[in-house]
Amino acid sequence: MSAAEEVVTEAPAVEAVPKRAMTLGVGTSLVVLAALVIAPLFVKNFIIFQMTMLLIYGLAVLALNILTGGSGQFSLGQSAFYAVGAYTSAILMEHVGMNYALTLPIAGIICFGFGFLFGQPALRLSGVYLALATFALATAMPQLLKLGYFEHWTGGVQGLVVTKPDAPFGLPMGQDMWLYYFTLVITIGIYVASVNLLRSRSGRAFMAIRDNEIAASAMGVDVALYKTLAFGVSAGITGVAGGLGAIAVQFVAPDGYTITLAISLFLGMVVGGVGWLPGSIVGSAFIIFVPNIAESISKGLSGAVFGVLLFLVIFLVPHGARQVAIVAQQMLGKLKKH
Amino acid sequence: MELFTNQVLAGIATGAIYACMALAVVMIYQAIDHLNFAQGEMAMFSTFMSWQMMQWGVPYWGAFILTLALSFAGGIIIERLLFKPLAKAPVLTNVAGFIALYAIVNSVAGLIWDFTIKQYPTPFGSSPFLGSQLISTHQAGMIGITLLMLILLFVFFRFTRVGLAMRAAASLPESARLVGINTSWMIALGWGMAAAIGSVAGMMIAPVVFLEPNMMLGVLIYGFAAAVLGGLTSPFGAVMGGFLVGIFENLVGTYIPGVGNELKLPIALALIITVLVVKPAGLFGRPIVKRV
Amino acid sequence: MLAINLRLGAFAAALALLAATSSGAFAQKKYDTGATDTEIKIGNIMPYSGPASAYGVIGKTEEAYFRKINAEGGINGRKINFISYDDTYSPPKTVEQARKLVESDEVLLIFNPLGTPPNTAIQKYLNSKKVPQLFVATGATKWNDPKDFPWTMGWQPNYQSESRIYAKYILKNKPDAKIAVLYQNDDYGKDYLKGFKDGLGDKAASMIVIEESYEVSEPTIDSHIVKMKATGADVFFNITTPKFAAQAIKKNQEIGWKPLHFLNGVSSSIGSVIKPAGFENSQGIISSNYLKDPTDIEWKNDAGMKAWNEFLDKYYPEANRADIFVMYGYTVAQGLEHVLRASGDNLTRANVMKQAASIKDLELGGLLPGIKVNTSATDFAPISQVQLMRLKGETWERFGEILSDDVGG
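As they're listed, the protein sequences go chains A, B and C.
With UniProt numbering applied, the first sequence corresponds to residues 1 to 338, in that order.
With UniProt numbering applied, the second sequence corresponds to residues 1 to 292, in that order.
With UniProt numbering applied, the third sequence corresponds to residues 1 to 409, in that order.
Just chain A, same shape as in the assembly (with noise of 0.2 Å):
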């Protein structure tokens, strides 16, 4: 092979989104934000839980969101934070007899360090690289989890069983009601002070990054700090979902926690769109319900199904969701204007 150096302009992996067309507007948001709030009302207890999954697995993807598609680094190892998360939380609560609700910021900001940390090697790593590092992590996780000497405090292989909170102050709701609109509440401070994160000076670091590390660098934006702090933040949101996901689950154990979890959070952020935030909750939904519909078509190819359904979501829209609602826009746009 030649020795000369190889001289690339590198496209960047992630197109460019225009911090504008990151959110919504006010007005859907505000009917979404209706929608989720009145829903539960309605629907048996098992469909508010599968909402509530819907928005613990909307945030984890929101989280790869903010590193990928603000900063412009990939990962594969989502998973591991989110299980860091969950059995922070765990741990805290059937161990030290912590409450639910102050678990979360503890996780949040353990998974926080560890993302920070974990940025730090992932520097010098770009592509496929970076994603055969953080690939490395998420099977590395389910195997620490198990380890002897941690045993005592996350019950190895078997798992911690987790209770399940009750509603506070004598509320008239059940639990699964309860969890829910908790992590609504949640999920709505993260989701604000996320936008507002990628529209501060930080954001437009990120994508400064994500457009043009060298560039970027040139102009004066600190980028190891940047980048490492993408990494913090999206692990810090992601310990935040694992740790909602824990208590809504009632148990967890290493084999919840495995590669399969972090394809499935990329495959979220893909389909709800690169880039584009309220995608995270198209993806998640995503994620959810469209195995449930493979396994109804065929059971013995629910997995082929699946992968068909896939494709046919990327060949129809490769952008995501985040199409679908640009399209969408400017329909209504046209028909302001008739």
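DMTMM-like mimics (lysine to aspartate or glutamate), calculated; alpha carbons at most 25 Å apart, straight line:
#1 C:Lys194 x A:Glu151
#2 B:Lys279 x A:Asp222
#3 A:Lys299 x C:Glu310
Just so you know, these hints were derived from the structure itself, not from any lab.
Once you have looked at the hints, place chains B and C on chain A.
For chains B and C alone, kept in the frame of chain A given last:
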């Protein structure tokens, strides 16, 4: 000391598996500039096809050649049908496509051939090789085949017009088009060749790990790691990477007290990442300089 | 059916005065959610996709078996509506599917959900809802715990008691053994290992010279075998799933390590382990079983095996008959059939659990001769017997008595 030698030899034997797969990984990387997550499953499917032919009475080498040809054609068809339409879509959407392909191939193979393991024949026999019980004649044969493929690939990329054109098309598509290379067909050709190499890997690996739909799951992780360690641009590096990972992993498992055995994959991966941090293009890859 | 109604009728007549004050129902039919005059809804959760999809055939076999029951008129006149969902062996998905079955499909009970982590994830939920989690498809010991979890019941012999049996055999026949153990690093492997150590007792520490674990993601386990051989062990306890078991048997032969080989019952199938690994490499291996292995020529003319084959011909012709899971699914479905028949017209969840906990010496066509299903209010481990066997030629030669070593949860 004997244990050390034995583990190194056993590492070379398993390393041959990784090397075989890593070659296929490098092949596809040369053609399309990213990794194909469905590669292992495609190889598994090819191996099942050859197994089926042998069940129908086709002799080993007949099935081998036929499978090679069918896999080559299959790879091209998959590219034309499923990935050509995505050529203009974002890279991450393509990755999602690989995952979809993975799910489809795995599930279809499971339905046709179910999940019980199947014995797969070897043309080389499985008696001890050169008196060493640690490497069987099959594993020696597999190393031989891997080296043969390596030489063929080297010649192909270095000395044939098509090979050079393919490299050009993958690394600088615009410029390649300007000098008259049909980049779109180069990609299809790359898929075909990667599928064919993968099928050889599958047919060599199956006698060791037994044939079943999930057989490539672990192999692919190690194959990726090997290819990345060796350098994704270098077939030679990929093969060396394969052997190194094999040896590496065994020594970690044997000599790191306490957690070594339970965590040998994570530790091996961590070491690879450390190598990458120091040498981002892999041990044998060409360094890449970015332009603003 | 008729007899039951008559008896119930007589009973009802005796209580006629009392009954008159209630709605005047003489039939004494009692139902919980999921059961009606015409239908019984049964829920099930299996990994049809994902890394554990090999087990999916269990669910498919059960589905076929209930189709057979329905074609033959159902149970006590009621058709079985078998609803089976995929959880990909991921506990969060298991919880979602279990809740869907209970709250949306409204099944009477959840039958034979597969895997220790998935079952652990739903155990608390099902017990708090008082929905039977019947005959779970895992060999963990903890399912036999009627005091804390009265709505959960196991099925197969548990891993710990099986490995205690090997331990006892070793203590008796090879007391100076140097033992190497290879186990899968998950709940299944660790359960076997624990039972084995308990069985060896004080001598465990001195007898076991190496405990080696592997991950399912490893392509081969060759290096573990090399390492174990180097210790000079002369007994090998092989706690591996079929693919790795076959690899280990083959590799042992290749590197010339010839210990006394104990193979866990999970991987004792002739068709899917021994044959691929090579009969010539497997001679003398000791294992145990409770099911008839369909690929063992010993059962060629066995009545139970013939019935199984007829069932597959008619209702599940594409099944792989070398797959022991097809036999497993068939047998456990027969177990449920027995419980539902015994429940008669009293199809409440409590009564189903009561009937499940009062099985006496039930013999099923798929079980080895002499092995019987037994439960009681304090024994939630339906099958707790196995028989040791040794591979000779192309078949397992069973030896010794039917053994049982119940371990509570």
